[in-house]
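Here is how the chains run, residue by residue.
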Amino acid sequence: MRHTESHEPVASTPPAEVRPRRHRTRDEPRHEPPARSTGGLLRELVTHLRHNQNQLRDEWANRIMEAQLLTAMSRDEIVAEATSVYDNYLDALETGTLEALQAYAQSLSERIIPRGVETDEVVGIVLLLRDVLARSLFAKYRADFEVLSRVLDAYEPAANRIAITVAVGFVQERERVIREQQEAIRELSTPVLPVRERLLILPIIGLIDRQRARQLTEQLLRAIRANRARVVVVDITGVPAMDSNVANHLVQTVEASRLLGATVIVTGLSPEIAQTLVTIGVDLRTMHTVGDLQGGIEEAERLLGLEVVPVTESKHPT
Amino acid sequence: MAVPILKQGQYLIATIQDALTDADLQQLRVGLVTQVGRHRSRGVIVDITALDVMDSFAVRTVRDIAHMTRLRGAETVIVGMQPEVALSVVQLGLSLEGVHAALDLEEGLAFLDEQAHAVSGGRPRG
Amino acid sequence: MGDRHPAAQSAGGVAVSRRSGRVSPDEAHEELISVRSDADIVVARQRGRELAARLGFGLTDQTLIATAISELTRNIVLYAQRGRIVLKALRKGGRRGIMVVARDDGPGIPNVEQALQSGFSTSGGLGLGLPGVRRLTDEFDIASAVGRGTTVTVKKWNR
Chain A
2 MRHTESHEPV ASTPPAEVRP RRHRTRDEPR HEPPARSTGG LLRELVTHLR
52 HNQNQLRDEW ANRIMEAQLL TAMSRDEIVA EATSVYDNYL DALETGTLEA
102 LQAYAQSLSE RIIPRGVETD EVVGIVLLLR DVLARSLFAK YRADFEVLSR
152 VLDAYEPAAN RIAITVAVGF VQERERVIRE QQEAIRELST PVLPVRERLL
202 ILPIIGLIDR QRARQLTEQL LRAIRANRAR VVVVDITGVP AMDSNVANHL
252 VQTVEASRLL GATVIVTGLS PEIAQTLVTI GVDLRTMHTV GDLQGGIEEA
302 ERLLGLEVVP VTESKHPT
Chain B
-19 MAVPILKQGQ YLIATIQDAL TDADLQQLRV GLVTQVGRHR SRGVIVDITA
31 LDVMDSFAVR TVRDIAHMTR LRGAETVIVG MQPEVALSVV QLGLSLEGVH
81 AALDLEEGLA FLDEQAHAVS GGRPRG
Chain C
117 MGDRHPAAQS AGGVAVSRRS GRVSPDEAHE ELISVRSDAD IVVARQRGRE
167 LAARLGFGLT DQTLIATAIS ELTRNIVLYA QRGRIVLKAL RKGGRRGIMV
217 VARDDGPGIP NVEQALQSGF STSGGLGLGL PGVRRLTDEF DIASAVGRGT
267 TVTVKKWNR
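Residue numbers (the numbering used here), protein chains in the order written: chain A, 2 to 319; chain B, -19 to 106; chain C, 117 to 275.
Chain A with its partners taken away, still in its complex shape:
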């Protein structure tokens, strides 16, 4: 049945709703029973989508598998995740707030990233859901173009915000995981070795950037404390080059170690790196340097054997 009524602006709307950008102000024929306000319309859509939840969810799951997404998961797993995504999707549509969805997106990402799910898959499945639901709305309202237009006006911006929220949440979680992994790799690649009592060796290999340098220093200082080391041999034979920032870090590491009562002997200093140190103002005479690792260890043992470990930087009385 069709009714024709003049359009009246509706005074009240729920507080946190998603508003479409355009408002239609001309006479709008009503379908049965379409809401007048956008908020009411959304609620009606959501009711419809909830009512047909199982069927639509299954359709979505099928499309996911047809598109060969989430291949890392079994059908049952896909259906299970699809169910909760669907619920959260509808909640977000209904309430217009995204916080709950953000939280859900993060926990979903935490679950599926270790399974090897990629960004394109996540974006893909969210867009597929959007399409499946849109088709369903098309089917329901196709008899009345005006109403369909309003329905899409209400649905589309909301659905797009949801897609973006989920995708961004996933990407951010991935980035966080990658950072963590990088940190772990850095830590593994620079072990501090307790060689004998009171003596640590830290062989550094490869290029050092600011992050790695900082991590090295932290690891070293904690190792000094844990092992009660008095001498540390830092071998940089395997470091091809060092810019002045990292050279500065090395100098700071030597001083910080001194403040924990440990003397640092630097071995494997190449002429280039020695030059860099001099350029930044380091007086190489105040730094213990020995040509190679073996020589450094011998020097360390000598220092320890005498039990006289010079822990002041200044050789001149103040």
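Bear in mind the hints are in silico, worked out from the structure with no lab data behind them.
Mixed in with the good hints there might be a few duds.
Claimed, not checked - Pairwise CB distance ranges, derived in the manner of DEER restraints:
#, chain 1, residue 1, chain 2, residue 2, range
1, A, 194, B, 47, 33 to 41 Å
2, C, 259, A, 303, 52 to 60 Å
3, C, 208, B, -11, 55 to 63 Å
4, B, 3, A, 92, 54 to 62 Å
5, A, 296, B, 96, 25 to 33 Å
6, B, -10, A, 179, 52 to 60 Å
7, C, 215, A, 279, 21 to 29 Å
8, A, 279, B, 44, 28 to 36 Å
9, C, 221, B, -12, 45 to 53 Å
A virtual CB, placed ideally from N, CA and C, is assigned to each residue, including glycine.
Add chains B and C to chain A, keeping to what the hints say.
Just chains B and C, lined up with the frame of chain A:
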């Protein structure tokens, strides 16, 4: 809050227990310098294990303590600096040049003993 | 990562927490500590450490932040006698950070360029330690005018 200063033989030991105000730090400096003179102490240990931040004022105070006690014949050793504090001190660019440092109280005392030995002409311990 | 912080004791500073209702508590966390004496230096840096811990900063970064706050607060006490420290939680992309604003209505810095170059010198002269504070933080900004006061804003981001 005053920092307790204990006398252990020829050494004085000051253990900082909590964050100190500037006034506390100044009081500590005066106290140590006075007591070194009074007891003719040969060494001072300042235990900063409990200090979670060392800013420029704290560093300056420690440097002053080391300088002034040395003038009165005592060497000062700071012990127990936390790794994170050491990192921040060097990154901030503060210098503790001329101030001895050891890992903990035990190491600090060992250092002072060795210093005393060396000064009195004894052989270093093997 | 974030420790439950004990009730903060104020030795002279006043802390006011403002939280916005819509987002999670730490996201819009803002705290003000009024600075009137050197006792507030410890208060400000302890609050900074607590906030940094809640935001997930590691122990080293917490110490760097606390040290920077200590220096900035000390500057206020030394040169302006009074001022305030504002601590704010930040969010950019998926990363969290902390912002510290140190503001005073003191005499201002006549030559900001010079203050940013000279820092702690080995002779013991301290200057304002601003280059040092800059080294401890990721972003650094200063606005100062003679007779009108100084505002230093620093930020540090969680790795």
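Status of the hints after comparison with the structure:
1. At about 38 Å, the beta-carbon gap between residue 194/A and residue 47/B stays in the expected band of 33 to 41 Å.
2. Distance hint for residue 259/C and residue 303/A: a CB-CB separation of about 55 Å, consistent with the stated range 52 to 60 Å.
3. For the hinted restraint 55 to 63 Å between residue 208/C and residue -11/B, the CB-CB distance of approximately 57 Å keeps it satisfied.
4. Between residue 3/B and residue 92/A the CB atoms are about 58 Å apart, so this pair conforms to the stated range of 54 to 62 Å.
5. Checking the proposed 25 to 33 Å range against residue 296/A and residue 96/B shows it holds: the Cβ atoms sit about 32 Å from each other.
6. The hinted window of 52 to 60 Å between residue -10/B and residue 179/A holds, with their beta carbons roughly 57 Å apart.
7. The hinted window of 21 to 29 Å between residue 215/C and residue 279/A is violated, with their beta carbons roughly 38 Å apart.
8. For the pair residue 279/A and residue 44/B, the supplied restraint of 28 to 36 Å holds, since their beta-carbon distance comes to about 32 Å.
9. Our hint of 45 to 53 Å for residue 221/C and residue -12/B holds, since their Cβ atoms are close to 49 Å apart.
When the structure is compared with the earlier hints, a violation turns up for hint 7 alone.
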